[in-house]
Amino acid sequence: MIRATTGKIEMPHFTLAQLAEKLGADFHGDPNLIITGVASLARANAQQVAFFENPKLISELEKTKAGVILTSAQLSQHSKKACLIVGRPRLAFITVLNLFHPQKMRSNIHPTVVIGENCQIDPSVSIAANVVIGDNVVIAANSIIYPNVTIYNNVKIGARVILHSGVVLGADGFGYERDATNQWLKVPQIGGVEIGDDVEIGANTTIDGGALDPTVIGKGVKIDNLVMIGHNVQIGDHSLIAGCSGIAGSTHLGKYCIVGGSAMIADHLKITDNVILAGAAMVGRSVDTPGVYYSFSELLPPAQMKRLTVRFNQLDEMAKRIKALEK
Amino acid sequence: MIRATTGKIEMPHFTLAQLAEKLGADFHGDPNLIITGVASLARANAQQVAFFENPKLISELEKTKAGVILTSAQLSQHSKKACLIVGRPRLAFITVLNLFHPQKMRSNIHPTVVIGENCQIDPSVSIAANVVIGDNVVIAANSIIYPNVTIYNNVKIGARVILHSGVVLGADGFGYERDATNQWLKVPQIGGVEIGDDVEIGANTTIDGGALDPTVIGKGVKIDNLVMIGHNVQIGDHSLIAGCSGIAGSTHLGKYCIVGGSAMIADHLKITDNVILAGAAMVGRSVDTPGVYYSFSELLPPAQMKRLTVRFNQLDEMAKRIKALEK
Amino acid sequence: MIRATTGKIEMPHFTLAQLAEKLGADFHGDPNLIITGVASLARANAQQVAFFENPKLISELEKTKAGVILTSAQLSQHSKKACLIVGRPRLAFITVLNLFHPQKMRSNIHPTVVIGENCQIDPSVSIAANVVIGDNVVIAANSIIYPNVTIYNNVKIGARVILHSGVVLGADGFGYERDATNQWLKVPQIGGVEIGDDVEIGANTTIDGGALDPTVIGKGVKIDNLVMIGHNVQIGDHSLIAGCSGIAGSTHLGKYCIVGGSAMIADHLKITDNVILAGAAMVGRSVDTPGVYYSFSELLPPAQMKRLTVRFNQLDEMAKRIKALEK
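Residue numbers (our numbering), protein chains in the order written: chain A, 1 to 327; chain B, 328 to 654; chain C, 655 to 981.
Chain A extracted, bound-state conformation:
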């Protein structure tokens, strides 16, 4: 057994006044109250901050044992507890979380990491256990690579990128040609992958290397778990892709798009900027108008779905019968 090279984690703590200062927040309550952590309304104790923004959770607010409530001026009227009062509680809560939970599992380059030839890895990069990196890989400052990630040859990764466990970057794109005997001949894939700054990629997601030119993930893009990005896909800056989605080869997704979970986007399409694809959307055509798009996803008991499926198959005939009636 190999010990992780992380040191002991010491949890920080702050007084209410210190927290208020760090957040630029107003506060009610004892400025010397010691706060040791963050939790939900349901689980927080008297030394913890909880977050209240959703008026539907007011019954939880009434029962909470939290020592301090982080909320807006308006909502703070519902609580007699110590409060931290800010304009955008959700953003302030992210700041509080980062104060109490600085990024973990850093081990710089763990002794089990395997790295190939001709790589440029910034000294500030953290690479966890059992990560394998091929040749000609570049990783910029402050990126974090979790255990069991694999990076193939010719992958370029920006700054502050986070790769979760099981991610595979730069595996061969799915490219074959039929040969004279009707068998599949592999098209070598040499394009590699380029990942912009501030990208986060979820566990077990795969991004294939391009055929000739690279597969490109724009800056600030966030990709969830078990997503498949095909070769030569290009994803515009600041787009968000939820889990179990797939984007097939050579498709271009615009900037500031949101792709819902389990969505499937076919190959060689162009999706313009600011498109939102609902969960389970099946995208078989390009989308050139920003907006929200859904696929059909009715959920019904079997007898009902069976009957409506029969009717769906009669739709053409029904249309003709309506036409006949009109004559």
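Treat the hints with caution; some may be incorrect.
[What the hints assert, rightly or not] Within a straight-line C-alpha distance of at most 30 Å, the following computed DSSO-like cross-link-like pairs (lysine-lysine) qualify:
#, chain 1, residue 1, chain 2, residue 2
1, B, K546, A, K306
2, A, K327, B, K647
3, C, K810, C, K873
4, A, K320, C, K977
5, C, K977, B, K597
6, B, K650, C, K981
7, C, K717, C, K734
8, A, K186, C, K873
9, B, K349, C, K840
10, B, K383, C, K909
11, B, K513, A, K81
12, C, K873, B, K392
13, C, K924, A, K56
14, C, K719, A, K219
15, C, K974, B, K654
16, C, K719, A, K156
17, A, K270, C, K717
18, C, K840, B, K390
19, B, K647, C, K960
20, B, K392, B, K349
21, C, K735, A, K186
22, C, K710, A, K255
23, C, K924, B, K633
24, B, K582, B, K546
25, C, K735, C, K717
It should be emphasised that the hints constitute simulated quantities derived from the structure, not laboratory data.
Please build the complex by placing chains B and C on the supplied structure of chain A, with the hints as guidance.
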């Protein structure tokens, strides 16, 4: 190359009488017949037990070379071979399989395993090669972790849990907020994961850690391969989730549910107990009535599907024309 | 940190005449021109070959800085550059790619690899870092296994097979029986996996071991990333399966089939030879006629999809009203 620390596997063997006693079964045939293994009707040899329960396979029964047939009293009439006769052949067959194939790849803690700080791992737990475990992880008795699993910080695993290769537990949930410049700000995810007793999780499945409170998998839950469980999901005891499914953040799935393969359940929903979602179900609403639910999944040749898709788009107009005709 | 055991990669180079000879191609231009690599029209430099086959890209051809164009006799008329002229440019381009980019990341058996008992691995096989292999595994000549692959017990792999990172072969199939107390009892899975010659399997794909008989992947089959193949599935020779697809237990897929991305095929079905399933196809029935099949995948703005969904639910009633009008 590192040798696995498993010892040589010696296959057990039993006489027919010994097997019958272990199963509480009646039997026909030579009580001293030596049985060395288990196989299908099609592949079994004269020293092996085969299983017969499905009357449709009677032609396979007639041709089998199996030495012994495990079956019910009624179906045993179809065979002149040695038989083991039980009330529930399928359950008895599981017992026979376990006798001949005790759980493999156990290596206690393989020397390549990496474990963080402050973990409590029961001495009976088996952890295979290249598993990486973070800080504050608890694993109860007799759990088995296959190679290349990653467990992040703050994960609590019950007894007799099986984690297959490539599983990632406790990676950061997919939580972001837009900041003032319209970029995505990461919400730290500190809730961890809690896995009940007797859970099995398939290869390359990912279960994200909760935002504040933990993601919870109830006891006896079985999850197949390549399933994505989002942050703060709760899955009730004894539910079954087939491969390639996704359950998005904060959704609660009840007890004794069955989720078919490639199903997608959106976020923040409640699915009550005893719900069966068919394969490829797209679940965009809560389900409060037990029962079976399907999404539309007709499969047709392209010309036919194209024509019906045109008609689907005319449905609103068709309805209005029917109304006009009725007037 | 462990160094990869790959040696330095030296890029080969050729003269135009040498390349022409290797391809059996005609050529225009200086036979002594030194060519050092391959790139796309958009990115190639004066020492590189680019490929031109799609007349739509003629504007890229006009602007390219490539030294040599690989194309057909007819299309070569559009370029005044040095040309390599062949009957099937795409196949010739694969040859050129293989000349300049011989298969990489070979390290024979990396020192971090873990191998179980009773395995037969051909000395020509390349196994990269952190691969874990169980007992009774056979791997034939010239197969390549990328980092972080896991192979369970009883897996047989043919010659020239490529397994990409994160692949899991032979994990337990998803088989359970309810016991007397309504809990799920695991059915041991002992059938293993058999992979034919010339198969390629994409990153993070999982192929489960069979219950009693093996799961079988035919020769020449190509499987993309994040695909789930259930226990006892059989896939016919030379079929192609795109990313994020799932094939559930005991289904047989024929030869020369193509399965589109994110397709889902339910269990215990038979899909005959030469079937093409479109992307996102949901296959809930056997298919006994070769041809192309689609599921319904219309993509619409939310208001429109909502209105048509209401109408879909009225289809049975609409059909009855048409019938009433006809009377």
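**Message:** Of the numbered hints stated earlier in the document, which are not met by this structure?
**Reply:** Violated hints: 1, 5 and 13; rest satisfied.
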